[in-house]
Every structure is written in structure tokens, then in C-alpha cells.
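Chains A and B, in that order, are what the protein sequence lines are.
Residues in the first sequence are numbered from 1 upward in steps of one, following my numbering.
Residues in the second sequence are numbered from 1001 upward in steps of one, following my numbering.
For the record, the hints were derived by calculation from the structure and aren't laboratory data.
Among the hints, a few may not be true.
Said to hold, decoys possible - Which residues of chain B face chain A? A partial, calculated answer using Cβ under 10 angstroms:
| no. | residue |
| --- | --- |
| 1 | Phe1057 |
| 2 | Trp1088 |
| 3 | Ala1092 |
| 4 | Val1127 |
Claimed, not checked - Derived list of chain B stretches under chain A, where covered just means 3 residues or more per stretch with a C-beta under 8 angstroms from a C-beta of chain A:
| no. | stretch |
| --- | --- |
| 5 | 1042-1054 |
| 6 | 1093-1102 |
| 7 | 1114-1125 |
We put the beta carbon where it would ideally sit given N, CA and C, even for glycine.
Below, each chain spelled out in residue letters.
There are 2 protein chains.
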Amino acid sequence: MSDYHNASYIIIFAVQGVRNMAGTGAGGTNRGLYFDDLGAGQRFASETYTVDEGQIFAFAKQFDPQPFHLDGEAARTTLFGGLAASGWHTAAITMRLLVDGGLPVAGGIVGAGGEIVWPMPTRPGDVLRVESEVVETKPSRSRPDRGMVTVRSDTRNQRGEIVQTLTAKLVVPRRPVTEGSHLRDGS
Amino acid sequence: MSDYHNASYIIIFAVQGVRNMAGTGAGGTNRGLYFDDLGAGQRFASETYTVDEGQIFAFAKQFDPQPFHLDGEAARTTLFGGLAASGWHTAAITMRLLVDGGLPVAGGIVGAGGEIVWPMPTRPGDVLRVESEVVETKPSRSRPDRGMVTVRSDTRNQRGEIVQTLTAKLVVPRRPVTEGSHLRDGS
């Protein structure tokens, strides 16, 4: 148990290239939110993503070729009770929704830790969306140019049921001190 | 911090349908290893998977459309220093290698927890393989038909460098008591 709980881990998890900046607390930058813009309780919502049977088959065939992801008939007798998307497919779709504006954090983020939960499977026809909430922000002690932001992202289906929770500690840059004062730094 | 560390999580992570049973400790079953067959220190090795630029682009375009996954030139100036596969792509490839015989555990596994680590990115041309090791086995107190098995799976490139570590607590069925004694149970 101790080995398991003490194991170090990191998720590198970049949300650069945000295309769909919702105005939520954007603080006037079009490059996403800096550490200084973020606070516990702040929430973000993604667009939606509709998952069909063909997508589930295609992902599973490539990455997770097991009966409950590949064959609706065979899946009925498994613990899934019917065709289910691979959890890694749900994770990949979640990433797409985050990148497409669901988590408008300043570019080039490196997460320092995370957890993934799949309480129930994604099914054919599901319409997924991601709701993210800032859980905690902590300035870095050693690196004044960044902070640690814990974000919980719930992926929900069209009935509001959670199919995945991803909790990640993200390294988010602080707003550059020169921004708005100098166009060139270090000159 | 406490919220983060206390958050419950689960990975449902099925490795049913194992096609490539290496003989390692298989205990005579061709359906994968039961809880009773597994012990700390037991190791499994997968086949290999070669990742090319086209695959990286295709996955990223679909699930993680960010410059360092989509454009080698643009990627040079990012923290990745060049084209890198999405971490979720590395995770998906790892799952494929586990399903294809890299982790020959008895079908229909549900994991009770896990961690994912990407210490370095997967690059075009990388040849990935997965080495898994049983970290701990614990019989379930409440369910005599199963046990908990913690497995660490390191995904390595052709230079032996770890690009991902996935540590999962898997629920593994115990060998059915009737196996080898009765063909019908509950009669």
C-alpha cells in the first residue's frame, strides 16, 4: 500500500493552442488564463462531442481490441452489459474537449500529478461534455514564474452522468511581469 | 492538498481477450492468469509497437490538436523541443500492447485505482514496448471470488527510456473453485 500511495507521478498535459476562449475570467489575454487569473471554484465548460458506434469500434480496433469494445452482441455477457467505449477513448475525447476551449489555461502547461476515474462507460450515442473546476492554486516556492493549479474535469454524458473524472495538478505560468509595460524584455 | 490526495479514483481497465499468452506463470490456463497465479515480482513483457509521424499526426488531429503534436517545425520552439506524441496516444498504444499479450491476466478485470506518468514524450520512429511487474497482491476481504493486484507497467522506447508508467490496482478473479473438479457449478 505504501509503495502505491507514495509513488510519484506526473501528467504532462498541454493545453496550448486554445481556439475557443470563453470569456470566463480571461483577464484580457487571448492566450489563455495565467496562474494569476485562476482561483479555486472557477469553472469552465466545454463544447459537446457525440460518440457513435463507429468511433467506438475504430478506436478499439486500433488501441483496445476487446469484445466489449468491438462487438455489441459479445459485450452483453460481459461486466459492461453492452457495447462500451474504451476508457482511453473517453480520455482522448476529454482531451479534445479541453483543447477546444474547455480549459482555457495559458499555453504549454505541464501537470505535476493527476488521477483518472471512469465510474461508468461511454456508450454509443452519448453526447459528452467536460466541466472543469479549479480546486486549488498554489504559487511555486522555487520558481516565481509559475504556480500549481489543481483542476478537476468531469466528463458527463447527455444525462449528466459522470463517465470520467480527471484531476490534474497543472503547472501554469504566472503573467509575465513585462506584459503591458514593455514589448521587449531583457533588453 | 488534502482534497487532492484523498480523492477516490478508479480505473476500469479490462484486459480480456488476451491473444498472445506468453507462458510466464500461466498456470495452465489459456484464459490468462487468475489472482492465485500472481505474485509480487512477477514480470511480463509485451511485443513492440513502432510509432511513426503519420500516426502521431492522426491521433493528435483527432484528439489533441496542439502545435507540438501536429507540426514538427512549430514544435521546435515549444517545451517539447520537437514533434511529440500526445500522452494519451502513448497511453492508448500501451493499452494495445497490454491487450495483445503484454499483461495476460484473466478476463474482465476492473482496476480499483491507478496513476499515469509521462516522464518523456514519445517521438516519431520510437519503438515502444511495455514491461509490467506485479507490485502487490491482496485478497479481497469482502469478496472471496477476487483479489486486488497492483501492477506497474513501464512503457519504454528503443533506447530503454521510460515514456510512460501506469500503475494500476486491478481486480483479478480468483480461480473458480470448481475448475478441474466439476464442469457444472451450483448444480
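Here's how the hints hold up against the structure:
1. Of the supplied interface hints, the one on Phe1057(B) is violated, with its beta-carbon coming no nearer than about 14 angstroms to a beta-carbon of chain A, more than 10 angstroms.
2. For the restraint placing Trp1088(B) at the interface with chain A, the shortest Cβ-Cβ distance is roughly 5 angstroms, inside the 10 angstroms limit, so the hint holds.
3. Hint status for Ala1092(B) relative to chain A: holds, with the closest Cβ pair at about 4 angstroms, below 10 angstroms.
4. Interface hint status for Val1127(B): violated, as the beta-carbon distance to the closest one in chain A is roughly 17 angstroms, over 10 angstroms.
5. Coverage of the stretch 1042-1054 of chain B by chain A is violated [criterion: at least 3 residues with CB-CB distance below 8 angstroms; count 0].
6. Requiring three or more residues with a Cβ within less than 8 angstroms of a Cβ of chain A, the coverage given for the stretch 1093-1102 of chain B holds, as 5 such residues are present.
7. Note: the stretch 1114-1125 of chain B has 7 residues with beta-carbon separation from chain A under 8 angstroms; the three-residue rule is met and the coverage holds.
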